[in-house]
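Student: Taken in order, these protein sequences are the chains called S and D. Yeah, the first sequence ends on 406 if you go by this note's numbering, and it's all consecutive. Yeah, the second sequence ends on 653 if you go by this note's numbering, and it's all consecutive.
I should point out that these hints are in silico values taken from the structure, not numbers from a laboratory. It cannot be assumed that every hint is accurate.
To be verified - In the DMTMM-like style, the derived pairs of lysine to aspartate or glutamate whose C-alpha atoms are separated by at most 25 angstroms in a straight line are: (1) S:193 <-> D:409; (2) S:302 <-> S:272; (3) S:193 <-> S:273; (4) D:593 <-> S:148; (5) S:302 <-> S:38; (6) S:302 <-> S:86.
Said to hold, decoys possible - Covered stretches of chain S, as calculated for chain D (at least 3 residues, CB under 8 angstroms): (7) 193 to 204; (8) 236 to 246.
Predicted model, so just to flag it, every value in this text is computed and none were measured. Just so you know, even glycine gets a beta-carbon here, dropped at the ideal spot from N, CA and C.
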Amino acid sequence: MNALKWMVRIGLLVTLALVLSGCGSDDTDMTKELSDKDAEIAELRTQIAEIDELRAQIAEMESAAMETESAQMESETMMEERGDRLEAVRERGRVICASNNSLAGFGFIDDSGNTVGFDVDLCRAVAAAVLGDADAVEFRPTVAAERGPAMQSGDVDIMSRNTTWTTSRDVQWGNFAQTMFYDGQGFMVRKSLGLSGMLDLEDAAVCVQQGTTTELNLQDFINQNDLNISIVTFPDNVSANEAYIGEQCDSLTTDRSGLVSTRAGLANPDDHVILAGTISEEPLGPVVPHGDEQWYDVVKAVMAMLIYSEAYGITSSSVPTSVTGNTAVDRMFGLEGSFGQDDMGLSDTVAQDVIRAVGNYGEIYDRHLTPLGLQREGSRNALWSAASCTDCPKGGQVYAAPLR
Amino acid sequence: MATTPRALTYRGIPVWRHALIIRWVVQIVSALVAVTLVVWFFANIVGAIQERDIPAGFGFLSREYQTPIGEHFIPYESSDTFLYALLVAAINTVVVAILGVILATMLGVLIGVARLSGSWILSRLMLVYIEFFRNVPLLVQLLFWFFIVLTLPPVREGYVFFDRIYVNNAGISMPGPVGSSLASASAWLALAAVSVGLGVLVHRVLTWREDRTGRASYPLAAGITVAVACGAAAWLIVGSVVGEAPLVISSPEPYGRFGRIGGGFTIRAGLLILLIGLVIYTSAFVAEIVRAGIQSVGRGQTEASRALGLSGIDTLRHVTFPQALRVIIPPMISQYLNLTKNSSLGGAVGYTDLTNVAITMTQTAPAVSIFLLIMLAYLAMSLTWSLIGNLYNRHIRIVGG
Numbered sequence: 003m004n005a006l007k008w009m010v011r012i013g014l015l016v017t018l019a020l021v022l023s024g025c026g027s028d029d030t031d032m033t034k035e036l037s038d039k040d041a042e043i044a045e046l047r048t049q050i051a052e053i054d055e056l057r058a059q060i061a062e063m064e065s066a067a068m069e070t071e072s073a074q075m076e077s078e079t080m081m082e083e084r085g086d087r088l089e090a091v092r093e094r095g096r097v098i099c100a101s102n103n104s105l106a107g108f109g110f111i112d113d114s115g116n117t118v119g120f121d122v123d124l125c126r127a128v129a130a131a132v133l134g135d136a137d138a139v140e141f142r143p144t145v146a147a148e149r150g151p152a153m154q155s156g157d158v159d160i161m162s163r164n165t166t167w168t169t170s171r172d173v174q175w176g177n178f179a180q181t182m183f184y185d186g187q188g189f190m191v192r193k194s195l196g197l198s199g200m201l202d203l204e205d206a207a208v209c210v211q212q213g214t215t216t217e218l219n220l221q222d223f224i225n226q227n228d229l230n231i232s233i234v235t236f237p238d239n240v241s242a243n244e245a246y247i248g249e250q251c252d253s254l255t256t257d258r259s260g261l262v263s264t265r266a267g268l269a270n271p272d273d274h275v276i277l278a279g280t281i282s283e284e285p286l287g288p289v290v291p292h293g294d295e296q297w298y299d300v301v302k303a304v305m306a307m308l309i310y311s312e313a314y315g316i317t318s319s320s321v322p323t324s325v326t327g328n329t330a331v332d333r334m335f336g337l338e339g340s341f342g343q344d345d346m347g348l349s350d351t352v353a354q355d356v357i358r359a360v361g362n363y364g365e366i367y368d369r370h371l372t373p374l375g376l377q378r379e380g381s382r383n384a385l386w387s388a389a390s391c392t393d394c395p396k397g398g399q400v401y402a403a404p405l406r
Numbered sequence: 253m254a255t256t257p258r259a260l261t262y263r264g265i266p267v268w269r270h271a272l273i274i275r276w277v278v279q280i281v282s283a284l285v286a287v288t289l290v291v292w293f294f295a296n297i298v299g300a301i302q303e304r305d306i307p308a309g310f311g312f313l314s315r316e317y318q319t320p321i322g323e324h325f326i327p328y329e330s331s332d333t334f335l336y337a338l339l340v341a342a343i344n345t346v347v348v349a350i351l352g353v354i355l356a357t358m359l360g361v362l363i364g365v366a367r368l369s370g371s372w373i374l375s376r377l378m379l380v381y382i383e384f385f386r387n388v389p390l391l392v393q394l395l396f397w398f399f400i401v402l403t404l405p406p407v408r409e410g411y412v413f414f415d416r417i418y419v420n421n422a423g424i425s426m427p428g429p430v431g432s433s434l435a436s437a438s439a440w441l442a443l444a445a446v447s448v449g450l451g452v453l454v455h456r457v458l459t460w461r462e463d464r465t466g467r468a469s470y471p472l473a474a475g476i477t478v479a480v481a482c483g484a485a486a487w488l489i490v491g492s493v494v495g496e497a498p499l500v501i502s503s504p505e506p507y508g509r510f511g512r513i514g515g516g517f518t519i520r521a522g523l524l525i526l527l528i529g530l531v532i533y534t535s536a537f538v539a540e541i542v543r544a545g546i547q548s549v550g551r552g553q554t555e556a557s558r559a560l561g562l563s564g565i566d567t568l569r570h571v572t573f574p575q576a577l578r579v580i581i582p583p584m585i586s587q588y589l590n591l592t593k594n595s596s597l598g599g600a601v602g603y604t605d606l607t608n609v610a611i612t613m614t615q616t617a618p619a620v621s622i623f624l625l626i627m628l629a630y631l632a633m634s635l636t637w638s639l640i641g642n643l644y645n646r647h648i649r650i651v652g653g
């Protein structure tokens, strides 16, 4: 069967070849016909080129259209991302706050088991702002070296944990909202050693907490002054403090506020002295995860509320609920005008909730840091000025974007 | 044709019951599942990293680390690179692992043997030791030792023995050899290694001759003599060429305003605490393995060797222990692996082991990349232990029939 089919096919092919060869008998006809055909082909070619050009144009237009479309889609997802965290927090009913639990004054566990402190109160203020309840905070105690990964994972809404704002952290960890406390690194030593300054630490052993800017600054300090210092690192401030107390190290180094806090907790605080001077800038403040501008704005606004209510002399017990006549105050407390509460997804009277719950910046400071002996008057952590007074700066650095 | 009964036609094994096919299908399906899982896992990681903008990559390795490392056994400057810093940290871990394994083995064997001793009190005491240290978490033990060491007097009021050995809560310092210059020290060390090799060779040859001909010689004494003589000759030669002894004994001494101890050989508190903790914890496990190994050797073996007049110690050394080793080695390797991996808790007591340094590095470099690297480093260390253990196991296995 197959063989037959093939024979038929071959036969057909042979006949076709014969017919074609027969056609080529008239020569002159052929040349004319050929030149005609050539002209035709040339014309067709130009047409094809035109069509190709049109096609290229269409493709270009199409890709441009696709690009704008994808850009639109991207911006849509961006918009979606924008309010995600605020909504997620409201749905969850609590703010997840990475905090310290072992630094008296800033973040630690008090006798009744509550997390309290200066940094902690910021988380409470944010909870009051977005949930109306300052206690709706879930604290995640975080040691220094875990901070970066904790922020990068995005599981934490805010980290308020005596964290120094540096450029690389800003890039890698999250957005630093604002400086809440201006600090610098210092050294604590036993008074009996009779040191006169930081440079007397030549040949000393220094205890330092791992995963902190402190550790890095200490290295800079050693390099700059060509000192011979042996360094012992510990994963948390508790063991670093123990090693200092047990005199495994001659000196303990961390932010001066941390030293004041540690010193206050020692058996005989007067036997220890914090050497004059600092070796670094340590602006401490809260961090929020990257990728949610709205949430970032909310945290900054909450800080501004704390700072400006102090500037206007409004405390937790004097929160205005009806128009006061002072436009700025009325605007802040949602009694007249707006500072953008709507766009941030907050209620008009958000400042009332916040201040009533945690008090203003000065109240928070007095509650947690003044008892440690951290003098505020005349320090960098005083207000820049009272808001109603343009001519009498208080000399501090605490300042925020105006609420309007 | 049609009358042939169907039942008699051999139709082969059905595909779904064919052993070969089933085996292949199972293999292929499980391979697919495994590959899919791994791919999914990695895709997930990569996706999450990209989505959250978590920094990754390995460009940081050639950057300057600029962070202190408390303990280092090779020279380290803060201007060294991340890669070198990781090496420094890895060596810290290797030092702890090797010292820990040696000490834990020695202590564990002693305790394991004592556990089987005829003395009721000794045996019970060892039982308490084993059960206590095996059943308390290592981190808790480390913190316990941390506070114990802190109760030692501080450096300026520390104990001083023979004016040479300093014991205080910053560590233990003792005299130790220090190369007077790198070239002469390394030259002598190389020659000394050759001398020891020569000694071993002499010992081997003499033992072989003794076995073959029965002519008595003293292979061990001869070997040691050769090694020591050659070593001493090398010392003199190197010393006379350079003009000073290749190694000098350096004694620790207090220095500076704070009376810190320098010079000599110092085990700092972090290393000391970590070693104490690891050795005591691991030795409890080793003791149990040794006990099990010894008990696995038939009682008849012990009785026979005692009947031959071998003492208790000789019985253990020549009869019981060589046979027990076959049982002991494999679980022992896994204890060595555990010790190496457990050294990652060193950071808790102030020792800069690999994990500790890696955690510090996450401040200034991408965490994912760093942890990937140190996972590989630990894997390499563990595989090395396994390799050594397996080679030794092959060496001591029963040969012939």
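Student: Are the hints correct? Go through all of them and say.
Tutor: Hint-by-hint comparison with the structure:
| no. | hint | result |
| --- | --- | --- |
| 1 | S:193 <-> D:409 | 17 angstroms, holds |
| 2 | S:302 <-> S:272 | 39 angstroms, violated |
| 3 | S:193 <-> S:273 | 5 angstroms, holds |
| 4 | D:593 <-> S:148 | 20 angstroms, holds |
| 5 | S:302 <-> S:38 | 81 angstroms, violated |
| 6 | S:302 <-> S:86 | 17 angstroms, holds |
| 7 | 193 to 204 | holds (count 3) |
| 8 | 236 to 246 | holds (count 5) |
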